[in-house]
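Asks: All chains, full assembly: derive it from the sequences and hints.
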Amino acid sequence: VSHGPMVRPATVQDSETIFSFVAGLIDDHLPGQTPWTSAARIEADGFGSDPLFEALIAERNARPIGFASFFRGYAGWRGKPMGIVHALYVMPEERRTGAARALMAAVAKVALERGWVRVELFVEEGRSAIRFYESIGMRDLSHRHLRLEGEALHILAMEGGTART
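Just so we're aligned, residue 1 is where the sequence shown starts under this note's numbering, counting upward by one.
None of these hints come from the bench; they were simulated from the model. These figures come from a predicted structure and were not determined experimentally. Any given hint could be a false lead.
[As the list claims (entries may be wrong)] Okay, the calculated beta carbon distance ranges per label pair:
{"no.": "1", "residue 1": "Gly-76", "residue 2": "Lys-109", "range": "22 to 32 Å"}
{"no.": "2", "residue 1": "Ala-87", "residue 2": "Arg-63", "range": "13 to 23 Å"}
{"no.": "3", "residue 1": "Ala-108", "residue 2": "Gly-79", "range": "15 to 25 Å"}
{"no.": "4", "residue 1": "Ile-130", "residue 2": "Phe-71", "range": "15 to 25 Å"}
{"no.": "5", "residue 1": "Trp-36", "residue 2": "Asp-140", "range": "21 to 31 Å"}
{"no.": "6", "residue 1": "Thr-11", "residue 2": "Gly-160", "range": "33 to 43 Å"}
{"no.": "7", "residue 1": "Leu-112", "residue 2": "Trp-77", "range": "18 to 28 Å"}
{"no.": "8", "residue 1": "His-154", "residue 2": "Arg-96", "range": "35 to 45 Å"}
{"no.": "9", "residue 1": "Gly-161", "residue 2": "Ser-135", "range": "43 to 53 Å"}
{"no.": "10", "residue 1": "Pro-92", "residue 2": "His-145", "range": "37 to 47 Å"}
{"no.": "11", "residue 1": "Leu-156", "residue 2": "Asp-27", "range": "28 to 38 Å"}
{"no.": "12", "residue 1": "His-145", "residue 2": "Val-117", "range": "12 to 22 Å"}
{"no.": "13", "residue 1": "Gly-161", "residue 2": "Arg-96", "range": "49 to 59 Å"}
{"no.": "14", "residue 1": "Leu-30", "residue 2": "Glu-151", "range": "18 to 28 Å"}
Don't be surprised by glycine CBs; every beta carbon is placed ideally from N, CA and C.
Replies: Here you go:
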């Protein structure tokens, strides 16, 4: 008998599972691309002394079928903490079964419990996931998502003077 998905916080024992889901997410976007991360990196970054993210695991019949990872951010104009969903993935054969909705509902619950003012995420233009996100009440802010990395990051940093933290 199959029941609705159950969502639970990820633990260090889920590092391999999270890695496999990240690999699936990468493959959805860039088929054939080898993941840039590893289970060991996920373990260190998510479950070490200074976690960079938290994750939730969706299970059906005690089998992991998807995950969401998120971290705390800051809504500067509001002066309040917020959640940023970094990744949401459900195995292809489990899509449209309520797993993604259950994961996002669990993120929303964490946000409210912690006093976060909102939850945000980034999604590529033209992705079918946009319809899902809008169906759960997210709105498209029509903001551009810009990135500084690689050589451009280094070049700009050389102009930076003495920014010490």
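Asks: If a hint holds in the structure, say so; if it does not, say that too.
Replies: Hints and how they fare:
Taken as a hint, the range 22 to 32 Å holds for the pair Gly-76 and Lys-109, whose Cβ atoms sit roughly 24 Å apart. At roughly 19 Å, the beta-carbon separation of Ala-87 and Arg-63 lies within the given 13 to 23 Å, and the hint holds. Between Ala-108 and Gly-79 the CB atoms are about 21 Å apart, so this pair conforms to the stated range of 15 to 25 Å. Between Ile-130 and Phe-71 the CB atoms are about 22 Å apart, so this pair conforms to the stated range of 15 to 25 Å.
Between Trp-36 and Asp-140 the Cβ separation comes to about 28 Å, which falls inside the hinted range of 21 to 31 Å. Thr-11 and Gly-160 have their C-beta atoms about 39 Å apart, which keeps the hinted 33 to 43 Å range intact. Separation of Leu-112 from Trp-77 is about 20 Å and conforms to the stated range, judged on CB atoms against 18 to 28 Å. Take His-154 and Arg-96: their Cβ atoms lie about 43 Å apart, and the range 35 to 45 Å holds.
Under the hint 43 to 53 Å, the C-beta atoms of Gly-161 and Ser-135, about 47 Å apart, fit the expected range. In this structure the hint that Pro-92 and His-145 lie 37 to 47 Å apart at CB is violated, the actual value being about 25 Å. At about 32 Å, the CB distance of Leu-156 to Asp-27 agrees with the hint of 28 to 38 Å. Taking 12 to 22 Å as the suggested C-beta distance range, the pair His-145 and Val-117 conforms, at roughly 20 Å.
Under the hint 49 to 59 Å, the C-beta atoms of Gly-161 and Arg-96, about 52 Å apart, fit the expected range. Our hint of 18 to 28 Å for Leu-30 and Glu-151 holds, since their Cβ atoms are close to 21 Å apart.
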